[in-house]
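Colleague: Sequence:
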Amino acid sequence: MKSRIVIPTVAPEAYQALMNLEKYISTTSLTPVHKELIKIRASQINGCAYCINMHTTDGRKYGISEQKIYLLNAWREADIYTEEEKAILALTEQVTLISNHVSDEVYQNAANLFDEKYLAEIILLIITINSWNRLAIATGMRAV
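The numbering of the sequence shown is this note's numbering, which starts it at 59 and goes up by one.
In case anyone wonders, no lab produced these hints; they're calculated from the structure.
Nothing here was measured: the structure is a model prediction, and the numbers come from that model.
Lysine-lysine pairs mimicking BS3-like chemistry, simulated, CA-CA at most 25 angstroms apart:
(1) Lys175 / Lys144
(2) Lys81 / Lys119
(3) Lys81 / Lys175
(4) Lys144 / Lys126
(5) Lys119 / Lys144
Quick list of the computed label-pair ranges, beta carbon to beta carbon:
(6) Ala196 / Asn158: 13 to 23 angstroms
(7) Arg192 / Tyr128: 22 to 32 angstroms
(8) Asp137 / Ser161: 20 to 30 angstroms
(9) Thr197 / Gln166: 34 to 44 angstroms
(10) Asn131 / Thr197: 17 to 27 angstroms
(11) Arg62 / Asp137: 35 to 45 angstroms
(12) Val64 / Gly105: 15 to 25 angstroms
The beta-carbon is built from N, C-alpha and C at its ideal position, and this holds for glycine as well.
Between the sequences and the hints, there should be enough to build the whole structure, so can you do that?
Modeller: The following block contains the structure:
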């Protein structure tokens, strides 16, 4: 692949704004497992090999089992995810595929399981990883 633009070099202020959002995410009350499940699933949907590689590695460090990682793209058919994880994964999919909108059912299910602050943090993380996926794909970042 031909060399592509390096955003941190060309637009450092904009890149820093995204880094600041990532820094905020690191201070939230989201569990490490919830964070990585969101990051992996959104990255799978977006086809971002760079982020899938990074977050499956991080997920293992935080105790996500190989089985949970392998079954993530078919989570609805797997009985190994908690009710909370399923709500997070459903919301991640709908926010990532936003042109289909976020259904009231998916949103309300998450709202019933999490307080407003935690739900806000989930949504902000989904938005953040989608931004990173788009940056990595658009600029040709490689997984290895």
